[in-house]
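A.B. asks: Please take these sequences and the hints and turn them into a complete structure.
There are 2 protein chains.
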Amino acid sequence: MSGLRFAVIGLGLIGGSLARALRSAGAVSSVSAFDTDLCQRRLALELGIVDDAPDSAAAAVAQAELVVLAVPVLHTAQALRSCLPGLKAGAVVTDVGSTKQSVLTDVAAVCGSLPPWFVAGHPIAGTEKSGVAHALADLFHNRRVILTPHAAQDAAALQRVSAMWVATGARVVHMDPAQHDAVFAATSHLPHLLAYSFVDMLARLDAQDEIFPNAGGGFRDFTRIASSSPEMWHDIVRANAGPVSRLLEQQIGELREVLAMMREGRWDEVRTLFERARSARERHLAQIE
Amino acid sequence: MSGLRFAVIGLGLIGGSLARALRSAGAVSSVSAFDTDLCQRRLALELGIVDDAPDSAAAAVAQAELVVLAVPVLHTAQALRSCLPGLKAGAVVTDVGSTKQSVLTDVAAVCGSLPPWFVAGHPIAGTEKSGVAHALADLFHNRRVILTPHAAQDAAALQRVSAMWVATGARVVHMDPAQHDAVFAATSHLPHLLAYSFVDMLARLDAQDEIFPNAGGGFRDFTRIASSSPEMWHDIVRANAGPVSRLLEQQIGELREVLAMMREGRWDEVRTLFERARSARERHLAQIE
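One line per chain: the protein sequences are C and Y, in this order.
Here the first sequence stands for residues -1 to 287, where the numbers follow our numbering.
Here the second sequence stands for residues -1 to 287, where the numbers follow our numbering.
Some hints here could point you the wrong way.
Here's a subset of chain C near chain Y, in silico, CB distances under 7 Å, partners left out [as the list claims (entries may be wrong)]:
#1 V108
#2 L112
#3 A131
#4 Y194
#5 V197
#6 G214
#7 D219
#8 P228
#9 V268
#10 R269
#11 L271
#12 F272
#13 R274
#14 R276
These are computed hints drawn from the structure, not numbers from a lab.
Note that the Cβ used here is the ideal one computed from N, Cα and C, for glycine as well.
C.D. replies: Pasting the structure below:
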């Protein structure tokens, strides 16, 4: 795919890292970008991550054969709408959102129906850091990227997006959009919500000034994702509210059961639960780490 | 404190790391150890972590001026009882348990009342790994150690235990036992319980074979503590059941409120909660990391 002109809408951690990765792989001939935040555009130019950062999405995509929407998921429709006036015939557009059914619905709403040139994607990569300043050329190296092809999908468009991700060092897999959303509600969306809720609870305790200085490594890792972008995660949880709220309800039920075990002195059951969790995690560890 | 003869009862991650740290600092003249598991004793000898590993706790402590009980907290009484027949006059005994009220109560029960030579301690260090094979000489470097002195405490005993921890590179602070247990219920015991419960819930979903391969870095960190020793954490949660169950109930209440926000479409409140959590974590980050 060397020689492709590339544009990214949204200069956050993912958009910035993708631009860096494609340039360092020599996979694109030029990178143009737009972000509604002027400071992110300037910073991306100063850091040499992009060649060009005009003041509209339509201008940024005008020459591009491959366009990536890298915005919080509920901004996808607006980002695509703002690209349309500038989009070249034959250009392929993809996204990086953590929810796939909502993105496909939103794209279909903007275009009337799902266009063959739109490919829905989700790289399983990121850090709790936000913004183009934290962009990393190797963020996608050895990571999974999920593509969720739709019925109207053009095969060449799908291939162009696959090749882009392979150039960053990622492995591409295909999945059904509904299955994707159910799986990531469990592995990603619910844990973020739990971590935010846990930190928020502690922050509202009277003893919080005693609590945080006494936090160890377990606390640091458990709560790391609570430092993620609130706007991005609000969008994700909202866009995938059905699967996330069903799992949250199930988690609340589990925790009520643990509380009952503790209050009724059913300690063998507590230990068995801990053992079951540990062995499940250890059994799957090679896939996780 | 160079020249002290040191004994450790319990050759797990903490006991093994402490032996390694004190030897590598040249802070002790000899290390003797006991563990009920013969394999851990042999391994500690083979790894050169201990000089001697006799087949009883009483024999292990017979020459020691400083004895550390490094066993799961509910095994403290039994470990101390098994040391008593061998303990030298003037020897100081301390522990490393994550709960301090239960340890003081158990020690008082074994001895009739709290002895001046017993010092209750808790190093804020560890990994999810268990066993002497994972012992690290620098595990306590730059970490906090909490000591919770009691009314009958001998000042020289307290000083001997402080000096031991300082030799490992740790910083020693004092705290009231009840305050300790309340703080660590929040920063450590509840997060472990939440992580175990979350992984256990996922492991019982029908789709678990789809779920774990799609876990990313956020999942890995959020669930890391669910790989910790179930026996050790059973003991901790049981020994500190009051504070942990009160916080768990509060956490369940918070999650029910989040679920209500989602179901009633109160998305601004969800976003505000995420923002509040993120800024609390960021505000305290220098203390956490």
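A.B. asks: State for each hint whether it applies.
C.D. replies: We went through each hint and held it up to the structure:
With its C-beta approaching chain Y no nearer than about 21 Å, C/V108 sits outside the 7 Å limit, and its interface hint is violated. Contact between C/L112 and chain Y, as hinted, is not supported at the beta carbon level, the nearest pair being about 24 Å apart and thus beyond 7 Å. With a cut of 7 Å, the hint placing C/A131 at the interface with chain Y is violated, because the nearest CB-to-CB distance is about 15 Å. The restraint placing C/Y194 at the interface with chain Y holds, with a minimum CB-CB distance near 4 Å, inside the 7 Å limit.
Annotation: C/V197 was flagged as interfacial toward chain Y, and the flag holds, the nearest CB pair being 4 Å apart, inside 7 Å. About 4 Å separates the beta-carbon of C/G214 from the nearest beta-carbon of chain Y, less than 7 Å, and the hint is met. Interface restraint check: C/D219 against chain Y, minimum CB-CB distance 4 Å, threshold 7 Å, status holds. Satisfaction of the interface hint for C/P228 is found here, the shortest Cβ-Cβ separation to chain Y being roughly 4 Å, below the 7 Å cut-off.
Below 7 Å, beta-carbon pairs count as interface contacts, and C/V268 has one with chain Y at about 6 Å; its hint therefore holds. For the restraint placing C/R269 at the interface with chain Y, the shortest Cβ-Cβ distance is roughly 4 Å, inside the 7 Å limit, so the hint holds. Hint status for C/L271 relative to chain Y: holds, with the closest Cβ pair at about 5 Å, below 7 Å. Against a cut-off of 7 Å between C-beta atoms, the interface hint on C/F272 holds, since the closest Cβ of chain Y lies about 4 Å away.
Restraint check, C/R274 versus chain Y: the minimum CB separation of about 5 Å is within 7 Å; hint holds. At a threshold of 7 Å, the smallest CB-CB gap from C/R276 to chain Y is about 5 Å, leaving the interface hint in force.
Checked against the numbered hints listed earlier, the structure breaks hints 1, 2 and 3; every other hint is satisfied.
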